[in-house]
Amino acid sequence: MGVLGLIFAPGFLSNGPVHTALLVGGGAAVVGAVVGVFTVMRGQSFAGHALADVSSAGGSASFLLGLNPLVGFLGMAALAAGVMEWADVRDARERDLLTGVMLGAGLGLTALFLYFASVTGSASGAAITVLFGSMFTIPASIVPAALALAGVALAVIAAIYRPLLLSAVSEDLAQAQGTRVRLIGLAHGWALALAVSLSAMTVGAILSTALLIGPAAAGLRLADRPGRSLALAVLIGLLATWGGILLAYDSYDWTPGHGWPVSFFIVVLVFIAYLLAALLARVRARGVSLRAVHPSGCGQD
Amino acid sequence: MTQAAALSVEGLGISLSGRQILKDVKFQVAPGEFCALIGANGSGKTTLLKAIVGLVKPDSGRITVDVDGSGGTSVGYVPQKISLDPHLPLRARDVVMLGLDGARLGLPLPSSARDARVEEMLQAVGAGDFAERRVGLLSGGQQQRILVAHALVRRPRLLLLDEPLASLDVRSVAEIVALLRRLSLQYGTAILLSAHDMNPLLPVMDRIVYLASCCAVSGKADEVVRTEVLSRLYGYHVDVVRVHGRVVVIAAHEPEEIRAALARDPVHTAEIP
Chain E
1 MGVLGLIFAP GFLSNGPVHT ALLVGGGAAV VGAVVGVFTV MRGQSFAGHA
51 LADVSSAGGS ASFLLGLNPL VGFLGMAALA AGVMEWADVR DARERDLLTG
101 VMLGAGLGLT ALFLYFASVT GSASGAAITV LFGSMFTIPA SIVPAALALA
151 GVALAVIAAI YRPLLLSAVS EDLAQAQGTR VRLIGLAHGW ALALAVSLSA
201 MTVGAILSTA LLIGPAAAGL RLADRPGRSL ALAVLIGLLA TWGGILLAYD
251 SYDWTPGHGW PVSFFIVVLV FIAYLLAALL ARVRARGVSL RAVHPSGCGQ
301 D
Chain Z
302 MTQAAALSVE GLGISLSGRQ ILKDVKFQVA PGEFCALIGA NGSGKTTLLK
352 AIVGLVKPDS GRITVDVDGS GGTSVGYVPQ KISLDPHLPL RARDVVMLGL
402 DGARLGLPLP SSARDARVEE MLQAVGAGDF AERRVGLLSG GQQQRILVAH
452 ALVRRPRLLL LDEPLASLDV RSVAEIVALL RRLSLQYGTA ILLSAHDMNP
502 LLPVMDRIVY LASCCAVSGK ADEVVRTEVL SRLYGYHVDV VRVHGRVVVI
552 AAHEPEEIRA ALARDPVHTA EIP
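If you read the protein sequences in the order shown, they are chains E and Z. Residues 1 to 301 in this note's numbering are what the first sequence spells out, letter by letter. Residues 302 to 574 in this note's numbering are what the second sequence spells out, letter by letter.
I should point out that these hints are in silico values taken from the structure, not numbers from a laboratory. The beta-carbon is built from N, C-alpha and C at its ideal position, and this holds for glycine as well.
Rough simulated footprint, nothing fancy, chain E against chain Z, three-plus residues with beta-carbon under 8 Å:
no., region
1, 376–390
2, 393–399
3, 402–411
Chain E extracted, bound-state conformation (with noise of 0.2 Å):
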């Protein structure tokens, strides 16, 4: 009992904001890490970025409006997700510009918004909670739809998993296979858009990239085959989430009066993890271009 009490502080699991804080944040990091893995390969991390930050835009209406904050975030992120796709553009540049120009009208909106609920005084902290999130104040009756949401999204990846990884290679492949390769990036983007809304639930629209780019990054850098790099990343996202909940709730202690904000330690946990696979996958590339100079056995026998 004397460690576990080190580690995990009184009353931790038997907290009932905790146990929200738990479910809702573990279903934001599974999702956030299987639909990341395919927005990495996909070259569209600036995009996710970008969603996150015009579904702040609805998350911010919606605590105006008295709304549940997930239907805002999602309305938002979906209906950029949208408008990303339908505008197809192939270029990169050019869709760096058009990411960049939607980012900075999604954020004015959100300024509008939280300027007028902290006016109105109808929402206390409202721009925190938007945009770096507060996990410990979700209210328990989102965790049904959240957690129903989340499942959707990972229907979705389900479904066109090997066409997505297809197009990941090449659209023209996937295109010559029969592959209706539009309709696949819209079910991405779609997917991205859940993905994104409930990480924005979760630690906030800025910081749910952290959630969706950092363990699909070091998933990709440790694993050579699809499956295993989504596994390690749906692990890397789960450890970090929880260890933040688990961190905050401790650090009531630390700091007697006040807690840390959950977001930043699940934040600095997945900053960490990037740091090691990446310091890993490089020790291990040159353990193989050593035995390739060097190989076993040579001059032996």
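Based on these hints, arrange chain Z on the given structure of chain E.
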């Protein structure tokens, strides 16, 4: 021809964004034939291949591809200048597997029949040694072999390759050409391969389709690869020469043209004292 042609193109016309790319293109490729698609840059080789795969819609004419017993689309396709990202978490084997089921929905289930077919294809293209390596880290020649395996694993009756020899060194070019000839004999696959230089293909090609000023001329290789025929097609004098038992096509005018261009705009070099 008693058997149906593997590919038959009739009166094909294509214009892209208002520009006429191909006009009244007409040729046939017989089953198992090795056919070279030759033409200068911008002559429409890529557009023609894309139209056959179905990536570009023709404005007029007809493309008929011999359908195999299963009734499926039976065209394999290796696109131009495909660059495989080193960050993709895919082994060479995975890319070949996606050639078999890359359009299917749902998660892949384990299948020993599928694995056996992929393994056979990997061996057939000589990729056994690097099948487990990350595909983006392979050399250009190795990636080309994997893309050929990806395109052939469904046993299509027709294989299209868009400039597969560009950006390969001389030795890899010879290896890929020999490999393609062997595969087409082994599986009875007709091959239509685009290139701007026909020399590496002379030892293996049965037929040639020459694209020039938006129309096509096609014929048996030994009927077309002649000094007078090629000279007429190219629009300038070309020599077909036999050296050491090999046939080589040489554009005889090139040095003269370079000399003429230099004379028009002379290079001023400093006098050496």
